[in-house]
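Sequences are here, hints too, so could you generate the full structure?
Listed in order, the protein sequences are those of chains S and U.
So in this note's numbering, the last spot in the first sequence is 93, and the numbers never skip.
So in this note's numbering, the last spot in the second sequence is 11002, and the numbers never skip.
No lab work stands behind these hints, which were simulated from the structure alone.
Where is the CB? At the ideal position from N, CA and C, for every residue including glycine.
Hints may be right or wrong, so weigh each one.
DEER-style ranges, computed between Cβ atoms [said to hold, decoys possible]:
#1 S:H76 <-> U:N10236: 26 to 34 Å
#2 S:R64 <-> U:V10450: 50 to 58 Å
#3 S:P28 <-> U:N10932: 46 to 54 Å
#4 S:P28 <-> U:A10901: 14 to 22 Å
#5 U:N10498 <-> S:Y19: 53 to 61 Å
#6 S:G51 <-> U:T10406: 54 to 62 Å
#7 S:G51 <-> U:A10901: 34 to 42 Å
#8 U:R10680 <-> S:R46: 29 to 37 Å
#9 S:T83 <-> U:A10504: 58 to 66 Å
#10 U:Q10441 <-> S:H76: 27 to 35 Å
Here are the computed lysine-lysine pairs in the DSBU-like style, where the Cα-Cα straight-line distance is at most 35 Å [to be verified]:
#11 U:K10887 <-> S:K47
#12 S:K47 <-> U:K10904
#13 U:K10903 <-> S:K47
#14 S:K47 <-> U:K10522
#15 U:K10894 <-> U:K10904
#16 U:K10365 <-> U:K10522
#17 U:K10436 <-> S:K47
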Amino acid sequence: MLLIDCPYCGPRAQIEFTYGGDATVSRPADPDAVETREWLDFVYLRKNPRGPHIEWWHHSAGCRCWFKVRRNTLTHEISATGTPESNLGGESE
Amino acid sequence: MSRQPFRIPVGGLVDRARSLRFTFDGRTFTGLAGDTLASALLANGVRLVGRSFKYHRRRGIFGDGVEEPNALVRIRRGDRAEPNLRATSVELFHRLEAASQNHWPSLEFDIGAINNLASRFLPAGFYYKTFMWPAGAWLYYERFIRKAAGLGRAAEHPDPDRYEKRYAHCDVLVVGAGPAGLAAALAAARSGARVMLVESDFRLGGSLLRDPRPIDDEFAPEWVNGVEAELKSAPNTRVLRRATAFGYYDGNLVAVAERITDHEAKPERFLPRQRIWWVRARRVVLATGAIERPLVFADNDLPGVMLASAVRGYAVRFGVRCGKRAVLFANNDDAYATVAAFVEAGGTVEAVVDPRAGGPSDPIKRQIQALGVRMLEGHVVTRAEGGDSVRGATVMRYTREGSVVTGEPERIDCDLLCVSGGWNPTVHLFSQSQGKLRFDQANACFLPDVSRQAEQSAGAARGCFGLQEVISDGVDAGRSAVKACGLTPARFRVPTVNEEFTEAAPLLPLWAIPLPQGRRGKRFVDLQNDVTADDIALAVREGYRSVEHLKRYTTLGMGTDQGRTSNVNGLAILASIVGSNIPAVGTTTFRPPFAPVTLGALGGREVGHEFAPTRRTPMHAWHERAGARFVTAGLWLRPQFYAHSGESMMDAIYREARAVRSGVGIVDVSTLGKIEIQGRDAGEFLERVYINRWKNLKVGRCRYGIMLREDGFIFDDGTTTRVAENIYYMTTTTANAGPVMGHLEFYAQTVWPELHVHLTSVSDQWAAAAVAGPRSRDLLALACDGADLSNEALPFMGYLETTVADAPVRIFRMTFSGELAYEVHTPSNFALHVWKRLLDAGREYEVTPYGTEAMSILRIEKGHVVAAELDGRTVPSDFGFDAMQRKEGDFIGKRSLERPALKKSARRGFVGLVSEDGRHIPRGAQLVWNPNADRPVHMLGHVTSTCYSPNLGKEIALALLEDPSGHGNELLYASSPLTNTHVPVKVTHPVFIDPEGKLPRG
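Below, the structure written as structure tokens:
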């Protein structure tokens, strides 16, 4: 079970959290202004990297805050966590 | 003390003053406190303890711990019966009842042993080869195979015991309380770290219990007691005995199964039977020791063939002599200690057989000579002799080059054959932690190499075998663990072993002893699964060359012992057959659990109705008294209907549904999700998460809203009320309360953090009742403390704050049934009070409490949608909700609605159906023109909700249908091929009652 360092509460066990998917995609600020292709990519396309991945987690049984986690999908190692506006670096090792 | 023929008169760590009576297969025996079931059986001379899995061969006790492959027994009777326990790990208690397994009709005479004679026809992969054709026949074979497969029989009744789970945190977790673990725990505890020490056995000491060399001038068990006392008195230190660390998970989480009352004849009433500890440690020290390897020769599975270390352990720790005349067959120096221990215990050692041309080191040779034991260097045992148990050993000369046996076979009579092929460090937990292993040529074993988590191995677990070296290694491990936790390791003198160090002669790796020319015989690699060296060769011939394939094909290393005595021998034999080496062949993956764990313990308290929380509304007790039958809705219990005496379920439901339309009904809707949205951008936020307009909603008004996902499909629906300028009160469906809250939080926190909006789930703070029917206003007028409920003061979709019997309430004039109706929300603490007051006020109008069934009928009659329609595949225009859709600006999912596939013209639309012949319209039925048409039949749509309408006297349904307005008076069929039901239906408007919507506005 992962130990996740919630940026607001500190390290807590994984059972307190809910996974929220890829945090590298962001919603177009004005969906009407983008090409259909770009919109569909935002809605449907997700990378499935082997290695570091930036993902959303929700402290659903805690402070109810969403935050970012940089987790290695291969080793489960969590190298960083941060608030939604934080930049946790890229997904390369 | 009653007669225990193989018990040594003195010595051992057993309490000779406390005799314990127990039974094995119905026969009564006596053992001593401090015994395991295995040692007590051996003390009584019981050799045969089980039958092997496949060939039903006679098997005896082989080891003295968790590695035991043979001695699997069922303990206790009735509800508490537990199969597949290792007799070597079962602590003896008074009146213990044990039974052997895997035989019929009896252990001594077992019909299944015919498999042994027929073994030529039962090769590896037999089941795969034989029963896979003809294809359909597996269904027939399976019944018989299932009967013959598997070991042991589980109890057939619910488990009467209680189990617990517990979380723990510590700086240093030490797994294993042998010399390395004790030293590590001592070093860490003296440094002030929070320490946990867990030990599988009921006594601390590990290998010191079988090889008790003096430490700091103390008898080893005394030294162990001293360390245990010091650890127990240290602050922040916890010592768990009978606790097996069985899983190593991410984030340095180690799972430990503690057996609390398993060793008690009568468990204390308030104690749990077992407890799972989830230990999160900053640093883990794995002092898990090592397990001795057997040697592989013909008939090496006879009762009386035992691990040399086990024979020593039984003699020294339990005062039990495993036989009278022993032969030791070993390829390493360590096993020679068994000779002295066995002689000390009053036995005779007939010979020592050592494949090494030079034999052991000189000091050991001198020792053996002094004991007058015959020494056969450069020899091997090729076969164990005997029918029901060992009667002798056949010995031949062994040449290392080409690994051949030569010369005249000599038979040496004996009743005990002690074997040792070296030691395998117990690297299971290390491997589970994702650590990488390396193969050590000198000791021919796998050792921990690269760590992935915050752990380190110590002592024999990482290949240190000399006792002084092991203790020093433990101290070092404890110190460096402390340092890794940011503490300062305390200085203290390393405990000293009072023994001269002697250099051991190198071990000679020996995997399968060749059969003499022209001889046949079963050389068992895996005793538990009956896998022989020849089975491995066969698997390789048939193409299963990878170690993982070999395991699946032959079952090598499976079962309760997970190949603890067989894995390394097996893969070494595989390597030699495929002409590779052991490191290249590699190991199979080590997975939790290290040792079997009961499902009860894993379940803990979360069983039965405690599997998940049960949510009850504040009016629950009232519903119970009123005769409600409850239905589960997610975690909630909701009244399904209230049966009057003599009334059937359907009678009650129809009565309730009629009462709402003719008079007034009341239903508990406290389970709705409720979210309060506050802040100056609350309206803007709502416009982005709903498809509707919100900023133009006046304070004191409600609106029905639809929420989409980004892909354009409907996520949830509900009403939202503008309670004050910047305060909105949202309701969600019961089932989606949690997901909607998480969804809103995601957008508020991550997508539009610039919006000033605050979200609070208030589902538990507010309870709610819906009052529905033509008399609902009259009822409320009586109940409310003088509020004006007129159409002007509280119009349809209006909102009012007032009191009912002095309790604050929020009244929403909205309808689910289609009647004039109100929702009355009140703080949960007042809910029962308000509910009772509403019922009192309604007495005059014969108010009828109704349940979810009547509520469902009423909403189908009204054509309201629920999850059956909003099933994740529908968009707003399917139901005509596009009329509410905000044209300008953005909202979640808006852009996706422009996809061609989501345009109205491309989609099915929402309709009502009426059964033409009065039969019930099957739920989920497909709508077709002709159910008997040639397949594939074109499907025009499907039924989403269906019921008998007591108010219309018809069978009706809601459906999604192609070209919804184009069917006129056409006859369609609601077709359910599964039940062979095809009901003719006519298409109608989906709102059966009051399509103009006059009633709720009246």
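(request) Decide if the proposed pair is consistent with the structure: K47 (chain S) and K10522 (chain U), CA atoms, cutoff 35 Å inclusive. (result) 54 Å, violated
(message) Check the hint pairing K10887 (chain U) with K47 (chain S) against an upper bound of 35 Å on the C-alpha distance.
(response) Status holds; Cα separation ~33 Å.
(message) Just to be sure I understand the hint, the distance between the Cβ atoms of R10680 (chain U) and R46 (chain S) should be within 29 to 37 Å; is that true here?
(response) 35 Å, holds
(message) Does the beta carbon distance between N10498 (chain U) and Y19 (chain S) stay inside 53 to 61 Å, or does it fall outside?
(response) 57 Å, holds
(request) Compare the distance between the alpha carbons of K47 (chain S) and K10904 (chain U) with 35 Å, and conclude whether the hinted pair is satisfied. (result) Given pair K47 (chain S), K10904 (chain U) holds - Cα atoms ~32 Å apart, limit 35 Å.
(message) Against the range 46 to 54 Å, how does the distance between the Cβ atoms of P28 (chain S) and N10932 (chain U) compare: consistent or not?
(response) 51 Å, holds
(message) Please check whether H76 (chain S) and N10236 (chain U) have a Cβ separation lying inside 26 to 34 Å.
(response) 29 Å, holds
(message) Given a hint of 58 to 66 Å, does the C-beta separation of T83 (chain S) and A10504 (chain U) actually sit inside it?
(response) This hint holds: roughly 59 Å between Cβ atoms.
(request) Mind checking the hinted window 50 to 58 Å against the Cβ distance between R64 (chain S) and V10450 (chain U)? (result) Violated: the Cβ-Cβ distance is about 39 Å, outside 50 to 58 Å.
(request) Take a quick look at whether K10894 (chain U) and K10904 (chain U) sit within 35 Å of each other, Cα to Cα. (result) 14 Å, holds
(request) Would you mind confirming whether the straight-line C-alpha gap from K10365 (chain U) to K10522 (chain U) stays at or under 35 Å? (result) Holds - the C-alpha atoms of K10522 (chain U) and K10365 (chain U) are around 32 Å apart, at most 35 Å.
(request) Kindly confirm whether 14 to 22 Å is satisfied by the beta carbon distance between P28 (chain S) and A10901 (chain U). (result) Between P28 (chain S) and A10901 (chain U), where Cβ atoms are some 21 Å apart, the hint holds.
Checked against the numbered hints given earlier, the structure breaks hints 2 and 14 and satisfies all the rest.
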